[in-house]
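Asker: Residues per chain, in single letters:
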Amino acid sequence: MSIPATGPAIGQGGARRRWRKPSFWIIVSASLLALMIVFLVYPFSSLFLKSFYHSETHRPSFVNFIDFFTTPYYFNTLKHSLTVSGLTTVLATLIGVPLAYIMTRFNVWGKSIINIMIVLSLLSPPFIGAYSWILLLGRSGFVTKLFEKIGIVLPTIYGFHGMILVFTLKLFPFVYMYVSGALSNMDSSLEEAAENLGMSRIRKLLTLTFPVIVPSISAGAIVVFMTSLADFGTPLLIAEGYKVLPVVVYEEFMSDIGGDVYLASTLSTVIVLCALLVLFVQKYIVSRKNYRMSALRPPAVQKLKLGKRSLLTAIAFAVSLLAVTPQIVVFITSFIKTRGPLFVSGFSLDSYKAIGFKLSKNIANTFYFASIAIVIMVVVGLLLSYVVVRRRSLLASLLDSLAMFPYVIPGSVLGIGLITAFNKAPLILTGTATIIIVSYVIRKLPFILRSSTAILYQIDPSIEEASISLGVPPMRTFFKTTAVLMLPGLFSGAILSWVQTINELSSTLILFSGKTGTISVAIFTEIFKDSFGTAAALASILSVATVVSLLIFNKFSGGRSVMM
Amino acid sequence: MSHSVTFRNLTKKYGDNTAVDGIDFSIKEGEFFTILGPSGCGKTTLLRMIAGFNSIEDGQILFDDRVMNEIPAYQRNIGMVFQNYAIFPHMTIQKNVAYGLKARKLPKAEIADRVGDMLKLMHIEKYRDRDPSQLSGGQQQRVALARALVIHPTILLMDEPLSNLDAKLRIDMRIAIKKIQKDLNITTIYVTHDQEEALAMSDRIAVMNAGIVEQIGTPQEIYSKPATAFVAGFIGTTNFLDGTLTAVDGSATTGTAEPGKPVAVDIKGVGTISVGARKSTTGDVRLAVRPEDIHLTEPGADEPQGRVALVTFLGDFISYEIELGGGQTVEVNEYAKDTAVLRAVGDRVGVRFNLGKLHLYRHGEGEAIV
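Respectively, the protein sequence lines represent chains S and Z.
The first sequence: position 225 = 439 (the working numbering), numbered continuously.
The second sequence: position 226 = 1515 (the working numbering), numbered continuously.
Just chain Z, with the same shape it has in the complex:
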């Protein structure tokens, strides 16, 4: 029933601007796959290429083994949920949902059955004869989803479907969509700029930036092992510190990292730390560390020193902005359950990095070395 989707060197250009640049990966059958990225990264363009609304300049899209490039949108049998729902305003809810089935010229009785079942599944059967304008945002969202699913599509595409809902409803709908997707086992491609949504819903995520895929992986992989500095910065909160490779630990001061060997990094204004390298590199690097992977200690020990510049109390945790030397600052989270101390602006603190959770990236290119 469901299809896998494969992109082969897929490219889309608008004039001189390359919106999608040589995308090359596969989405498995039945997978909930999210394309995540900032606005303008090419994610919506990619989705519309899958739907058939954008032409393909180079490369191929395959559903299972079938090349889809030249198949017009109306023959692709794809369910699509639009950001603004695109509910037909001149039709009742029931007619909206029945629309795709009528296009398929199914018998009346079957249409009625399937529409009825789908409205029930979405908990909107009592609105069947209402006009769309009488429904709330969340209800319209359910109609849009019902209309997309009732045609038994082989792939479900969703373009930022939750961005117009309020925060509470958004979380409810996340769960509802995820459940229905698993029940129907339908290949789902979900586009969003909301990293929290992506982490919460997806089997796998592709992080896109400027038309290319930066990383593909499970939510855990993306969060804990960001492949590039961009991913590290885009997913969750990350502190970036500038540094230089100074010496391979214990041996000569070549300033070169060899795969598998430990490397020393001189972080500007912080000091030198030692980590293991994955790829070889030299020179300037960026070090990424999440706010929860830095611990504040009493000053005076071997650790680098800092000064509290800003305190933000957020209930379950407290966020501190710590000024280090050399004009660098880091954000540090202390959880209320772990500490009773509320520090004050101006306090001196020691800063301890959780070395196992540090990530090192080549300066400029942003590729991970640790």
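So here's chain S without its partners, still in its complex pose:
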């Protein structure tokens, strides 16, 4: 019954490599590396290198950086960016952590409704939040007018305050999600031990509960910091004179007169360096304080008396309602009758009809691009994670680090990097769908890789060895065992990437052309054309698509957390 020992053998690493033709995985690794060099290393190294060249003499020089740090206009944008991101991070943490504690440890009413509101609030691009708050509190906002009637003048929402308001309300849910996950994973015996040892309630919180969840708090906080540092839709709408880095990068790059690609590169480099620095600090904190916990017995939910229970419920509802307000506003606005840029009283479907008339291409593009991107993400996630986890080598760790790099690249910088690299021979991609899809895949690469390696670590390597010893060659074994086992997890991870991809604005706004606009781009341009009705209708379509995707995700993941 033995199998004849003929046919090409597929190497299993180690010493065998010397004699045999390259194995399937060597070819996969090499192809992934080649793709990364073309679409990641080449565009971004040339972008960053550009910041070290003089814009006129084209010689190596620090003149751009000297300009940046000595010109108050530019240097202030850095200060502004760091102030906004820093303050947002602090405020989001101060809201997210207590809310998570209240929700996981006390018998608050309507937890599922509160959670749904918070998840909903996460699922739209930040600039829609900015736009909604302008509709409410802007110069001719609904609430502003209301207060004017009774003689109260509200403080302006434009500028620094507005950004902080929008970012904090938009981003605290990230901290909430990470922290509530950690709090419900903490074994109750830990806190019981602290009580048993005589710790008072407050001191127990300060000495045990919060220190133990520091890694989760910092994980949530870093997402808040990165997102607020990189976002430029929000400041473009609401910041007005208060310039932040991504806005200036965009302006320097896009403006026909006085624009300076070299300076844009320099600003990009500065943002990426800031993001890298903060990321390293966070990694350092986590590496020193990482506790593995698995709750054998999840913490008890404390039963409160009516008074306290009502109070905490009211607080939780108020906070989550504020977070989801933009979605509600957008949804209602989309049905209000409009005459040109003006809202008039009464409801209608005019805004939706207008979209069907002129923007249906954008809707089709959004789903088309995101669908192709998701397929690529699943394939890349499958192969890349396998190379990184199971085929450990120098090449594998190089691929790993390269794939993680886009985590610190803001969307606008990503867009600029790709457009400057691919607007000339040999590879002209500007204005194509390809370049947008490439940008989606690159942006999601770190998340794809992390989620797919997490899945792979849960699959025992001996499953493959069993298959091989039963006579199935390694490559076929991979597709018959590990790949099949990874797919459900990969797919549910990819749906989350899909959600973020259909909402993507920063890089698309730089990369799109007339034919390749997406919904988010259309919303943005409609807002600037003062067509608030159509913008709201588009945003509603986006939200509905997002919710539907999430329902699919829940079906696949069996109620797993929506965080990646």
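These aren't lab readings, by the way, just hints derived from the structure by calculation.
Keep in mind that the hints are not guaranteed to be accurate.
Covered stretches of chain Z, going by a simulated chain S footprint (3 or more residues, C-beta under 8 Å) [said to hold, decoys possible]: (1) 1364–1377; (2) 1385–1395.
Chain Z residues, not near chain S, derived (Cβ > 12 Å throughout) [claimed, not checked]: (3) Asp1313; (4) Phe1602; (5) Gly1616.
Below, computed lysine-lysine pairings styled on DSS-like, alpha-carbon distance capped at 30 Å [what the hints assert, rightly or not]: (6) S/Lys694 to Z/Lys1397; (7) Z/Lys1384 to S/Lys694; (8) S/Lys694 to Z/Lys1409; (9) S/Lys694 to Z/Lys1415; (10) Z/Lys1384 to Z/Lys1468; (11) S/Lys694 to Z/Lys1391; (12) Z/Lys1384 to Z/Lys1397; (13) S/Lys694 to S/Lys769; (14) S/Lys694 to Z/Lys1394; (15) Z/Lys1384 to S/Lys769.
Idealized CB from N, CA, C, for every residue including glycine.
Based on these hints, arrange chain Z on the given structure of chain S.
Answerer: Positioned in the frame of chain S, the structure of chain Z alone reads:
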């Protein structure tokens, strides 16, 4: 059908660490052969080299007369049972067992027949359409064995297959595996760290330590004539006592043992005993004796003296820890059926060694001299 397996100077290195160091022996056709050793001794590495999952740095593996070094794992026609069973979680029991036959592109009818027969042989036919997660550990173990055997492998490899089962089931499975192995007469290489399991199941055992084979033999040979101090310590319970060769009995006080001649050993804190030497040596030695080969007597006779330090009652026997002189202690077993006396901590006793069951090893190297 079955193959013999031969290792010729087989070596595996991980960096500077030699996991398998010049292994050189043969396993007979149809034999149940166990590789026994502590964790990290290289036994699993050796097994994975046979399976083709670990590369070979030096030496050869032969199945019958055929060198296997360059044959990829999927062409070796080996049945392998993994420690965690490695059952495909996305397939039913039936599909798991049929997997290897499908890889061999056998006709559907034949696959169905063979799978059915194998499920019956393993007493798992009623689970054929279940998912693996619905099966208990023992049932999963049977599926893993069925999947490995249904392809009619020429060699069966088992990597600590019983270590995840509870004590009772482990003993049941020992018997089941042994019976099936004999019925099929398949060359079986079994890796374990459990010496009791090895003694119970094997035709022959190789005891491995730090990448080398310390001894190969039948279970009886390994137990009663441990070739090295390591084997004596690893198999069963053994007391080690330090001593020095003092004089060849009756003649001069040279402190040298000559092959075939009796030798006197001065055991620190115990006294001098006389045994016959097998190899020549001088100087410091270690004496090994099992708890059942020491007898406790009333104190006062010629025998060495000791004091009871700890009493552990274990039902069919009582285990005593006896303090001898010079800081040495021995464990002694007295069987309930042989004695009615239960000694107390602090009692003085005489200690008599069963001289026929003593083993003497060179200090340091651990090689047997008696």
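Asker: Please flag the earlier hints that this structure goes against, numbers listed from lowest up.
Answerer: none
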